[in-house]
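Engineer: As a plain string of letters, each chain reads:
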Amino acid sequence: MATSILDLSAQRAVESADSDDLRLVESLRTGAAQAYEELLGRFQQPVYALALRLLDDPSESSDVVQEVFLKVFRNIGSFRGQSSLKTWIYRITVNEAHNARRWFFRHRRREVELDSDPEEARNWKDVIPDGCLSPFDVAFEREQHVMIEAALEKLTPIFREAVVLRDITDMSYEEIAGVLGVSLGTVKSRILRGREALRAELVGSLKDRPAPRLVPKTAE
Amino acid sequence: MSCENVQELIFLLLDGKVSAEERENVLAHTGVCRECGTHLESAQMQRVLLRRMAQTPVPDALAAKLRVMASHARERQLARVSVRVRARRLAANINLMFDNLMRPVALPLTGGLLSTLLLFGLMMPSLSFSHQTGDHDFSTVPRGKIVSTPWEEGVDEDAVDFPLFASLDEPKSDYVNIVNLTIDESGRVVDWSIVRGQLTDEIKSIIVLGHFEPATTFGVPTSGTIQVRQSLPPCKYTRCSATVHG
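Here the protein sequences come in this chain order: V and B.
In this text, residue positions in the first sequence follow the working numbering: the first is 1, and each later residue adds one.
In this text, residue positions in the second sequence follow the working numbering: the first is 1, and each later residue adds one.
Just so you know, the hints here were simulated from the structure itself, not pulled from any lab data.
Treat the hints with care, as some may be off.
To be verified - Have a look at the derived ranges for each label pair, beta carbon to beta carbon:
(1) V/T30 with B/R103: 27 to 37 Å
(2) V/L184 with B/R88: 44 to 54 Å
(3) B/M97 with V/E149: 43 to 53 Å
(4) V/R74 with B/F120: 52 to 62 Å
(5) B/V105 with V/S27: 58 to 68 Å
Said to hold, decoys possible - Here are the simulated EDC-like cross-link-like pairs (lysine to aspartate or glutamate), alpha carbons at most 20 Å apart as the crow flies:
(6) B/K17 with V/E26
(7) V/K188 with B/E22
(8) V/K86 with V/D20
(9) B/K65 with V/D18
(10) V/K188 with V/E174
(11) B/K65 with V/E67
(12) B/K65 with V/E38
(13) V/K86 with V/D18
(14) B/K145 with B/E213
(15) V/K188 with V/D170
(16) V/K154 with V/D137
(17) B/K145 with B/D184
(18) B/K65 with V/D57
(19) V/K86 with V/E67
(20) V/K188 with B/E35
(21) B/K17 with V/E175
(22) B/K17 with V/E196
(23) V/K188 with V/E175
(24) V/K86 with V/E38
(25) B/K65 with V/E26
(26) V/K154 with V/E196
(27) B/K65 with V/E174
(28) V/K154 with V/E60
(29) V/K71 with V/E37
(30) B/K204 with B/D191
(31) V/K71 with B/E8
(32) B/K17 with B/E4
(33) B/K17 with V/E37
(34) V/K188 with B/D191
(35) B/K145 with B/D191
(36) V/K71 with V/E26
(37) V/K154 with V/D57
(38) V/K154 with V/D20
(39) V/K188 with B/E4
None of these values were measured; they are calculated from a predicted model.
Heads up, the beta-carbon is just placed ideally off N, CA and C, and yes, glycines get one too.
Take the sequences, apply the hints, and build the full model.
Structural biologist: Okay, here's the thing in structure tokens:
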């Protein structure tokens, strides 16, 4: 009984999201300013996060996000609501990231970055410390991020897509199947294998690191 | 349940994709098996770390570009549904295009004009002339004139009892012979043409023996035309007026 109540509430949530999507799409078609605000507010951050995790290059990700929204704005008239707006936009993002990765491997593999240290290119607002985290916590989190990013980068693109969509953007298996255009079983398999590969990478990177050797000394 | 089976189910357990019975079994196993317990903990940690990565902030530059894109897309969308918006957009585009075309010209043009005015203003005091406005060298005389005739030296309008230089507005019907003389910048007759009547001896005498002053433009001698008019007696020979060509 409890399961059926949960199912009902989940179904209602899906229906509500669908009606929200249709309302938003209809407003976009009429050119309502709030609709464009809402679309950007809802999707620009997750789309950027997804592109960044799929490409691991901030400037390339920015280009991909712009391409994605350009396509969304141009093709919103032809959106029929066969999938949710989120699935549609994420599918465009994955495809664009895939294209960008292919283009990157063809053309830009040998390019050398001319930008200076990315830390220096950041806005002054980002640089000013806010005191929320201690330097140790910041360093620790950054270390973790670097490790995860490095491990993600080593994953096969199809596994990485599945893991990122599931664990970072928090999409359901069904939504991921819609985004990637594959069956549910394939999605489960890719997520499982991707996670295992990621875990193996993380464990391997920890093992490779030499443990700090602390030698006690008497103060002289 | 073996460790291998449990480790396969751990990620599905975190996703809530296992049945209640499987969940109980996995949790029971991880409670007693140290390796599988560590596996569960690392899977949870991995999930948490990955979830944190979703909070990546959008760069300000990208957010600004997206807003601009949205604004343009909205304008395009409105133009599709409204003729008025389409016309306004077209006018704005033309205005922008004109602005863009004029922008490279506007600065040099304004700069050139202002610098010319400034330099001319600075040079103006050094360009002052010593003569007055009424000076002969500085004035324009549109018509040349007859200085003297074979019969009189120093022709003076006041010395004769009829005007020597008649106005061109005066009706020509009062004259029998009218001849146009072309005077060059040296004051010599270079050509003549009969307007009315014939070339009389008196007019020939004027052409050959008369002294002429050429027309001037800003004090510079130039060629001109003097019209010599001869009436019937009692006027002896001339009632003259002049016009200047070029």
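Engineer: Now tell me, hint by hint, if it's right for this structure.
Structural biologist: Structure-based check of each hint:
1. V/T30 with B/R103: 27 to 37 Å: Check passed, 35 Å falls within 27 to 37 Å.
2. V/L184 with B/R88: 44 to 54 Å: Cβ of V/L184 to Cβ of B/R88: about 50 Å, so the range 44 to 54 Å holds.
3. B/M97 with V/E149: 43 to 53 Å: For B/M97 and V/E149 the Cβ distance comes to about 46 Å; the hint holds.
4. V/R74 with B/F120: 52 to 62 Å: At roughly 57 Å between Cβ atoms, B/F120 and V/R74 fall inside 52 to 62 Å, so the hint holds.
5. B/V105 with V/S27: 58 to 68 Å: Check failed, 43 Å falls outside 58 to 68 Å.
6. B/K17 with V/E26: Measuring from Cα to Cα gives roughly 35 Å; hence the hint is violated.
7. V/K188 with B/E22: Status holds; Cα separation ~17 Å.
8. V/K86 with V/D20: holds, 11 Å
9. B/K65 with V/D18: Given pair B/K65, V/D18 is violated - Cα atoms ~28 Å apart, limit 20 Å.
10. V/K188 with V/E174: holds, 10 Å
11. B/K65 with V/E67: Answer holds: B/K65 to V/E67 is near 11 Å, not above 20 Å.
12. B/K65 with V/E38: holds, 16 Å
13. V/K86 with V/D18: holds, 10 Å
14. B/K145 with B/E213: Holds. B/K145 to B/E213 sits at ~5 Å (cutoff 20 Å).
15. V/K188 with V/D170: Holds: V/K188 and V/D170 sit about 14 Å apart, inside 20 Å.
16. V/K154 with V/D137: violated, 26 Å
17. B/K145 with B/D184: holds, 12 Å
18. B/K65 with V/D57: holds, 18 Å
19. V/K86 with V/E67: Roughly 16 Å between the alpha carbons, so the hint for V/K86 and V/E67 holds.
20. V/K188 with B/E35: With Cα atoms ~24 Å apart, V/K188 and B/E35 exceed 20 Å; violated.
21. B/K17 with V/E175: Measuring from Cα to Cα gives roughly 15 Å; hence the hint holds.
22. B/K17 with V/E196: It holds: about 17 Å lies between the C-alpha atoms, which stays within 20 Å.
23. V/K188 with V/E175: OK: V/K188 and V/E175 at ~12 Å, within 20 Å.
24. V/K86 with V/E38: holds, 13 Å
25. B/K65 with V/E26: Since the Cα atoms of B/K65 and V/E26 sit roughly 24 Å apart, the hinted pair is violated (cutoff 20 Å).
26. V/K154 with V/E196: It holds: about 13 Å lies between the C-alpha atoms, which stays within 20 Å.
27. B/K65 with V/E174: violated, 32 Å
28. V/K154 with V/E60: holds, 18 Å
29. V/K71 with V/E37: Holds - the C-alpha atoms of V/E37 and V/K71 are around 16 Å apart, at most 20 Å.
30. B/K204 with B/D191: holds, 12 Å
31. V/K71 with B/E8: Not satisfied, since the Cα-Cα distance of roughly 39 Å exceeds 20 Å.
32. B/K17 with B/E4: This hinted pair holds, its Cα atoms lying about 18 Å apart.
33. B/K17 with V/E37: violated, 36 Å
34. V/K188 with B/D191: violated, 113 Å
35. B/K145 with B/D191: Measuring from Cα to Cα gives roughly 15 Å; hence the hint holds.
36. V/K71 with V/E26: The hint holds at about 17 Å.
37. V/K154 with V/D57: holds, 14 Å
38. V/K154 with V/D20: violated, 38 Å
39. V/K188 with B/E4: Between V/K188 and B/E4 the Cα gap is close to 18 Å, so the pair holds against 20 Å.
In the structure shown, a violation is registered for the earlier hints numbered 5, 6, 9, 16, 20, 25, 27, 31, 33, 34, 38, in ascending order.
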